[in-house]
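Single-letter residue listing:
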Amino acid sequence: MTLPPPRATTQPGAGLPSIGRRLANLGLALVSPRGAVFLLLLVLLVAIALLNPRFAEPEQFIRFIQRVAPIAIVAIGQYFVIVSGEFDLSMGSLITTQVVVAGNLIGQDDARILPVTLLMIAIGVIVGVVNGLVTTLLKVPSFIVTLGMMLALLGGVFWWTGGAATGNPSDTFRQLGRGGIRDLPVIEFLPWAVVVLAIALAAAIWFSKRPFGRAMIAVGDNVETARYAGIRVWATKTAAFVISSLSATIAGVLLVGYAGVHPSVGRGYEFIAITAVVLGGVVLGGGRGWVVAAVAGAFALEALFTLLNFADIPSTYRDAVQGVIIIAAVAYAAVTFRGRRQRPSRLAEPPAPSTSPPGEEPVVSATPAGSAPHPSGPDGTTQQGGQ
Amino acid sequence: MTALAAPARTRRVLTTTAIVYLALVAVIVLGAILVSVVANRNFFSPGNIRDILTGMSVLGLFAIGQTLVILGASLDLSVPFVASLASLLAAQTMAGGTGNIAAGVGIALVVGAAIGFVNGAIVTGLKVNGFIATLGTGLIVKGYLDTNYKGTAGSVPWEFQLIGATGLGPVPISTLIMLGLAALVALALRYTRTGHHLFAVGGNAEVARLSGVRTAPPVIAAHVLSSVFAALAGLLLASRLGVGSPTVGSQGGYDLLSIAAVVLGGTLLLGGRGGVAGTIGGVAIFAVIDNVMSVLQVNPFLKDVVRGVVIVAAVAIYTGRAIQRRRPRFSAKEELR
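In the order they appear, the protein sequences are chains S and W.
End of the first sequence sits at 387 in the numbering used here; the numbers just go up one at a time, nothing left out.
End of the second sequence sits at 1337 in the numbering used here; the numbers just go up one at a time, nothing left out.
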């Protein structure tokens, strides 16, 4: 997970480059905006391990992954919405909603687990469909739609419960968030949350490579060309919102188990998810990104917080550090991509000479000749086109 | 509504604003009927009008600044934290002394302007999306606040508290200040070069650049003003509370609410179209709806549901029009929608 050299997979037909060139490509990939998050993650993990050697032990590390799982799953959902050119601000409140629903309706009755789970999935699908259809058919900016959904969901759920999130779902239901497979070799304990994350990530990667997943990126890149290519834009974007809402639902189930029922569970998750996605080099406005990098962004963010913890930095600085990191990450990506994308519309081919980034050319020149980089994509940024 | 809007087609900016104010009138009429029938109270009593206008003042200040930033195709999510910081700095500088009012206000505004300049520089210089840039600076300010303040701090003198508490007849001074500043900003947008450039850059930065407009200065100016307005709102909140508070801005959710008010006022979220007059109308719609729900003693959580639905529904009415209005001018292909 920490060493996915994206270039290796993006240029399969380039013959057999020498080891030196491969290493050079790997290095360039790691400093390119898309690869930088993996480098950052690696540095952070090493730093944590140096401060606290126990962290590197398998059972501790698996606990770390368990802690990241809800954030990473939310980031996967947010990735699909952002890459298709929209925002989802309702994720955090949807998590809260699902947590409260589970707490209130399941209670200690194991027989209710199945129907309530189905209800939660239905809520997730409905929220996603409403977000998507209002955005695409009524042409309300998704920022406003999901903001309204956020207010409505939070208000609705607290109205229903009278302002207090009470209830405690049965331990069976909470197993998914806190339990796992015990007595394993090496790691001793494999939390279900880690399994769920692995499945979600695999599904997301698979989905991204399917035609429909690529259509999502195409829609985010340029709605008009996507439409001319025969893509049903409304269905594609709505599907992205549904995925996002379902991922919030899964995160809600995990968080019920891990953290219990509390009205603040889920608060701020939409911004954490956006931060993680952006940290993974995904471009706000859509059309560029890689879901694995978004997940790595979530891991990097949580690793950063863990590092701050171990370094005895007051937790109140978490926010400030998060702020610095996201600005730096996006500025880094923007400087490298500069001139390539101007939202909301761009003219034919406007990259001004003065804005030609210094970091871009070596990447292009390092591309093996056989792979014929896309004319408008500087390098690995056209990952989907290159596969 | 359509029949009234159609003749004004040639004057686009006025048209959207006209719809906003028509919606406001509709909301007021509906609200007055509801209030008198259900609660048997007079909606137009001086006390109630004062409540509505008071409710407008803080959100109005935030929304004026937010309008400028959104016109420039950016966003400002840092406003609640700037407001909290301003309230604390002012209250601590004043420390209850009347002589320190000017210093407290000055420090708050200067710090606000500095944060706004940083926002603008990050957006224009580093090419960071305004959403991310201001989310980041907002988090940085929040980290500073959380680290250095455990609760309310400082105190403002009685004379300063009067600003938030007194009024001319039913009209609070704070609302008059807000409306005066809104008028100033509206004039600046219409008559200054930077104002025109802000519309141009927000509409299409590339076209503006190729037309010889330096794209950075108007956006930076918008961000500076947005933060200054946030600081003003923080000062007003401090005047109401009597102290500075590290959570006064974020508790109100003013970042997202002000964006909603701006869009409700007919300003295009993508930038380049809209104006302050519409924003004030949007703020007034919010204030009237809130007031009606308060008078009717609607459950506070249900209020949020209504707010959310109203935001989306109202914007759904405007956006279809705004898109049709705007696109043909820039590119014919969008007409296919």
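The hints are simulated quantities; they were obtained by calculation from the structure and are not laboratory data.
Note that beta-carbon positions come from the ideal geometry of N, C-alpha and C, so glycine has one too.
Don't take every hint at face value.
What the hints assert, rightly or not - Each computed BS3-like pair below joins lysine-lysine, with the alpha-carbon atoms no more than 30 Å apart:
id, chain 1, residue 1, chain 2, residue 2
1, S, K209, S, K139
2, W, K1150, S, K139
3, W, K1127, S, K139
Claimed, not checked - Which bits of chain S does chain W cover? Going by a derived footprint, with three or more residues having C-beta under 8 Å, they are:
id, stretch
4, 42-54
5, 278-289
6, 328-334
Hints and how they fare:
A hinted pair counts as satisfied when its Cα atoms are at most 30 Å apart, and K209 of chain S with K139 of chain S qualifies at roughly 28 Å. Taking the CA atoms of K1150 of chain W and K139 of chain S, the gap is near 43 Å; set against the 30 Å cutoff, the hint is violated. Between K1127 of chain W and K139 of chain S the CA atoms are separated by roughly 27 Å; this keeps the pair inside 30 Å, and the hint holds. With 0 residues having a Cβ less than 8 Å from any Cβ of chain W, the stretch 42-54 of chain S misses the three-residue criterion, and the hint is violated.
Against chain W, the stretch 278-289 of chain S contributes 3 residues with a C-beta closer than 8 Å to a partner C-beta. That satisfies the three-residue criterion, and the hint holds. Check result for the stretch 328-334 of chain S against chain W: holds, 3 residues qualifying (beta carbon to beta carbon below 8 Å, three or more required).
When the structure is compared with the earlier hints, violations turn up for hints 2, 4 and for no others.
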